[in-house]
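Here the protein sequences line up with chains F and H, keeping their order.
Counting from 1, position 170 in the first sequence corresponds to residue 170 in UniProt numbering; the numbering is continuous, with no gaps.
Counting from 1, position 58 in the second sequence corresponds to residue 58 in UniProt numbering; the numbering is continuous, with no gaps.
The hints are simulated quantities; they were obtained by calculation from the structure and are not laboratory data.
Fair warning: there could be bad hints in the mix.
Which copy is meant is left open, so a pair is good if it fits within one copy or across any two.
Unchecked claim - In silico DSS-like links for lysine-lysine, alpha-carbon gap of 27 Å or less:
{"no.": "1", "residue 1": "K407", "residue 2": "K145"}
{"no.": "2", "residue 1": "K145", "residue 2": "K359"}
{"no.": "3", "residue 1": "K55", "residue 2": "K309"}
{"no.": "4", "residue 1": "K190", "residue 2": "K417"}
{"no.": "5", "residue 1": "K417", "residue 2": "K359"}
{"no.": "6", "residue 1": "K417", "residue 2": "K55"}
{"no.": "7", "residue 1": "K309", "residue 2": "K359"}
{"no.": "8", "residue 1": "K407", "residue 2": "K309"}
{"no.": "9", "residue 1": "K407", "residue 2": "K190"}
{"no.": "10", "residue 1": "K311", "residue 2": "K417"}
{"no.": "11", "residue 1": "K309", "residue 2": "K417"}
{"no.": "12", "residue 1": "K145", "residue 2": "K309"}
{"no.": "13", "residue 1": "K311", "residue 2": "K55"}
{"no.": "14", "residue 1": "K102", "residue 2": "K417"}
{"no.": "15", "residue 1": "K359", "residue 2": "K102"}
{"no.": "16", "residue 1": "K145", "residue 2": "K55"}
{"no.": "17", "residue 1": "K311", "residue 2": "K359"}
{"no.": "18", "residue 1": "K417", "residue 2": "K145"}
{"no.": "19", "residue 1": "K311", "residue 2": "K190"}
Protein chains: 2
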Amino acid sequence: MRQNGTINDKWNRRTLTPAEATDRLLACVRPRTGFEEVPLAEAIGRRLAVDATTKEPIPHFRRAGMDGYAVRLEDVAAASSEEPCELEIVEHIPCGAVPLRKLERGQAARIMTGGMVPEGADAVVMQEMAEAACGHGREYVRIRKADPRGTHLTPIGEEAAEGTILLRAGQLIGAGEMADLATLGSSRVKVFRKPRVAILSTGTELLDVAAPLEPGKVRNSNAYMLAALIASAGGEAVPAGTVPDDCDRAERLLGELLASDADAVVATGGVSVGDYDIMADYFLRWEGTTLFNKVAMRPGSPTTAGVWKEKLLFGLSGNPSACFVGFELFVRPALLAMQRSYAAADWEFAAYLAEDYLKVNAYARYVRGRAELREGRVEARPIGLDQSSAVLSIKDANCLIVIPPTKSGIRRGELVKAIRLGGVIVP
Amino acid sequence: MRQNGTINDKWNRRTLTPAEATDRLLACVRPRTGFEEVPLAEAIGRRLAVDATTKEPIPHFRRAGMDGYAVRLEDVAAASSEEPCELEIVEHIPCGAVPLRKLERGQAARIMTGGMVPEGADAVVMQEMAEAACGHGREYVRIRKADPRGTHLTPIGEEAAEGTILLRAGQLIGAGEMADLATLGSSRVKVFRKPRVAILSTGTELLDVAAPLEPGKVRNSNAYMLAALIASAGGEAVPAGTVPDDCDRAERLLGELLASDADAVVATGGVSVGDYDIMADYFLRWEGTTLFNKVAMRPGSPTTAGVWKEKLLFGLSGNPSACFVGFELFVRPALLAMQRSYAAADWEFAAYLAEDYLKVNAYARYVRGRAELREGRVEARPIGLDQSSAVLSIKDANCLIVIPPTKSGIRRGELVKAIRLGGVIVP
């Protein structure tokens with residue numbers, strides 16, 4: 001019995017726009033509550049589970065910005081090359097030391113970059129503007145000129161006041177974030193547990209990567225590609241093997257995976273309406289809620305997603321390029337959202353199309369492309385073979401060019417929307 | 001005894017331009033010969049040590065691009081909705097199966113996307129253009145129309161001929177590269193051994209990250225920042241601790257590190273001409289060749305590099321921003337070059353300056369900035385606090401804006417060179 005245009009009709013699916021499909025999916029994603037605490041050195045590449053806040057002002061002491069002399073500005077205001085002012089050096093302050101005395105009128109302290117400026121001083125004069133001398137058992141310095149451009153003294157809290165939120169939960173921890181966390185004294189860091197994502201490949205045609213080729217069969221490239229994509233989205237890929245096009249075996253395995261500790265299951269292949277499309281059949285029978293099973297896009301229109309007890313199940317195309325696009329449009333946003341790390345605006349940009357794209361289509365096309373920055377312009381060019389079965393050229397893309405539904409194609413020089421790809425670990 | 005403007009004069013150093021310094025450095029870097037072989041799944045984020053070449057054409061059989069019917073074009077050429085052509089279905093070919101017979105005139109084979117097209121057939125007609133029927137114990141299909149836009153049949157070798165180099169040595173392995181390697185059957189992959197980089201922090205002012213703050217002292221953020229930067233350049237960071245400003249201890253430790261299995265040593269702090277600048281002193285006395293110790297750039301002009309028995313020693317500023325810039329300009333290119341992965345062009349781009357930058361300087365300035373793509377334009381804006389001592393804002397930068405030596409500053413809207421930052425590992 002066929003219903004028209006519902007989620008439970010394999011042949012007559014209700015078509016959603018990509019934006020509708022994404023909204024429906026993200027509405028089901030809850031940010032993770034589970035986190036783990038790791039030593040700071042192991043936090044690289046993880047995502048913060050809680051905000052990071054200063055507990056002291058930074059810097060927490062008045063810091064010298066130059067090698068030179070701490071002085072009182074009033075003492076040196078009138079100094080010039082012709083009439084330098086002479087101050088007594090009362091102390092040497094290396095980095096890490098605490099000044100022993102307050103600077104009085106007529107006094108200076110030798111100080112190094114990063115050193116703690118003594119009380120009483122209100123500027124540091126760089127050593128190139130001064131000359132030290134000794135006499136009568138004392139040290140002196142002749143200041144030719146204070147720098148009119150600044151005091152070379154970083155006040156307490158100039159970088160951040162106490163209680164400033166430096167990093168928000170969800171922030172990916174790279175080099176700059178490591179510097180912040182170290183400065184905060186975060187020797188241990190709370191990071192989100194990585195979402196575990198099981199990868200199940202379906203298809204009688206799939207060979208193990210180590211197997212010799214056979215006529216009609218192909219090596220399973222999707223599982224390895226997905227493992228890299230999942231890692232690049234902060235997830236942990238859990239390989240779950242390959243099943244041939246056998247509904248019962250697939251159903252058993254999917255049931256096990258959904259009941260496992262995986263947060264999401266990504267299956268490839270079998271989502272279309274062919275004779276052996278076992279994932280399409282599974283989504284008709286399962287106990288979960290199917291969120292969408294037809295999206296107005298090329299490639300990958302039969303891309304399917306559902307939710308069962310807060311676990312996500314994705315049915316991506318077995319065609320490599322379509323699988324790739326399905327991941328970038330749906331799985332990556334979902335994994336990032338679990339880690340409070342998804343904002344569509346971070347991923348979208350506008351680019352000038354670098355060559356005509358004249359394919360006509362009723363659906364939006366997500367064309368693998370290469371964005372380049374040329375003399376201040378962003379240009380995006382479709383890469384070679386634009387078939388959903390293409391596998392080798394996926395590596396050449398750094399964006400998806402969004403070609404809206406069109407009857408006449410899009411011309412070179414028009415501004416198009418593009419979506420950054422995150423599947424390359426930078427650099 | 002002072003010489004003028006030589007590498008062995010701490011006070012009167014010979015100044016190189018950044019480009020000269022980079023050239024001198026890269027001339028000393030040999031690509032690594034050592035590689036390791038890892039299972040494909042562990043190759044993510046590594047760099048290929050050898051080219052990857054196809055051993056078979058890809059695809060290696062004629063592949064159907066649609067669910068539908070394999071036909072002979074001559075049979076269906078005249079078909080129309082009014083007068084469909086009727087063919088006998090002689091075989092069903094699921095994915096992964098080998099056709100049992102050659103297609104003769106008047107015959108068709110039911111075939112699924114990715115299936116192997118039988119001999120004799122020269123097109124696949126999509127199922128939406130056909131209707132199957134049974135009669136007299138036989139199966140038939142009525143074809144209304146072959147797709148005039150294409151045959152939906154991917155010929156052998158369309159993606160790559162046998163013997164095609166798909167990936168070059170040095171290539172970073174992301175999602176697309178994983179797909180390629182899997183397709184090639186590379187179950188084990190030769191990747192460069194990660195360059196080992198020892199990190200030595202110098203400075204009496206440095207506190208361990210877990211220590212409570214003390215007046216005049218700061219937590220060591222550079223070591224953690226460098227660990228992330230090194231990882232993002234494909235290296236393995238080897239923490240070598242902290243030494244106070246004590247020449248003998250530093251010398252002993254540096255000797256040990258250079259004699260260790262590290263490929264490079266990065267020291268921070270003490271490279272300038274202050275009273276306790278122990279790295280500057282070390283570079284005057286060591287047995288290696290100092291390549292440069294003064295670069296016409298801000299921040300980080302005293303950045304120093306040398307080589308001893310093919311091992312690199314870097315003396316970066318202890319000021320966090322200057323340390324960061326020194327890494328990006330010199331250490332990253334060197335580490336990438338060791339892995340055959342450095343090309344300056346990959347890192348540079350032109351951007352429109354988003355606001356005036358009016359600081360005057362005789363040296364080029366490498367200003368931490370944020371590049372954004374706006375309506376097809378690349379704009380770069382300096383980020384907040386532009387002091388070499390700034391640490392917290394390093395995370396906000398995604399490029400270094402290169403401000404050439406100027407007497408009047410650079411105005412908003414001018415095109416400037418910028419350098420991408422690679423310090424964020426994605427993830």
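Each hint tested on the structure:
1. In this assembly of identical chains, K407 and K145 lie within 27 Å of each other by CA distance solely across copies; the values are 21 Å between and 72 Å within a copy.
2. Only between protomers do K145 and K359 lie at most 27 Å apart by alpha-carbon distance; the minimum there is 20 Å, versus 70 Å within a single protomer.
3. In this homomeric assembly, K55 and K309 never come within 27 Å of each other (Cα to Cα): the closest approach is 40 Å inside a single copy and 46 Å across copies.
4. Taking identical chains as interchangeable, the C-alpha atoms of K190 and K417 are never at most 27 Å apart, the minima being 36 Å within one chain and 38 Å between chains.
5. For the homomeric pair K417 and K359, the shortest alpha-carbon distance inside one copy (17 Å) is at most 27 Å, but the shortest distance between copies (36 Å) is not.
6. Proximity of K417 and K55 under a CA criterion of 27 Å is satisfied in neither setting, with 42 Å inside one chain copy and 38 Å between copies.
7. Within a single copy, K309 and K359 get their C-alpha atoms no closer than 41 Å, and across copies no closer than 58 Å, so neither meets the 27 Å cut-off.
8. Taking the closest pair of Cα atoms, K407 and K309 never come within 27 Å of each other, the shortest separation being 42 Å inside a single copy and 65 Å across copies.
9. For the identical chains of this complex, K407 and K190 are neighbours neither inside a copy (51 Å) nor across copies (47 Å), given an alpha-carbon limit of 27 Å.
10. Proximity of K311 to K417 under the C-alpha cut-off of 27 Å is found in neither arrangement, the shortest distances being 31 Å within a copy and 46 Å between copies.
11. Within a single copy, K309 and K417 get their C-alpha atoms no closer than 35 Å, and across copies no closer than 51 Å, so neither meets the 27 Å cut-off.
12. Proximity of K145 and K309 under a CA criterion of 27 Å is satisfied in neither setting, with 72 Å inside one chain copy and 46 Å between copies.
13. Taking the closest pair of Cα atoms, K311 and K55 never come within 27 Å of each other, the shortest separation being 38 Å inside a single copy and 41 Å across copies.
14. Neither within a single protomer nor between protomers do K102 and K417 lie at most 27 Å apart by alpha-carbon distance, with minima of 61 Å and 46 Å respectively.
15. Taking the shortest alpha-carbon separations for K359 and K102, neither the intra-copy value of 77 Å nor the inter-copy value of 34 Å comes in at or below 27 Å.
16. Neither within a single protomer nor between protomers do K145 and K55 lie at most 27 Å apart by alpha-carbon distance, with minima of 38 Å and 73 Å respectively.
17. Taking the shortest alpha-carbon separations for K311 and K359, neither the intra-copy value of 37 Å nor the inter-copy value of 54 Å comes in at or below 27 Å.
18. Taking the closest pair of Cα atoms, K417 and K145 never come within 27 Å of each other, the shortest separation being 56 Å inside a single copy and 35 Å across copies.
19. Taking the closest pair of Cα atoms, K311 and K190 come within 27 Å of each other only inside a single copy of the chain (23 Å); across copies the shortest separation is 37 Å, beyond that limit.
Hints 3, 4, 6, 7, 8, 9, 10, 11, 12, 13, 14, 15, 16, 17 and 18 from the list above are not met by this structure, while the remaining hints are.
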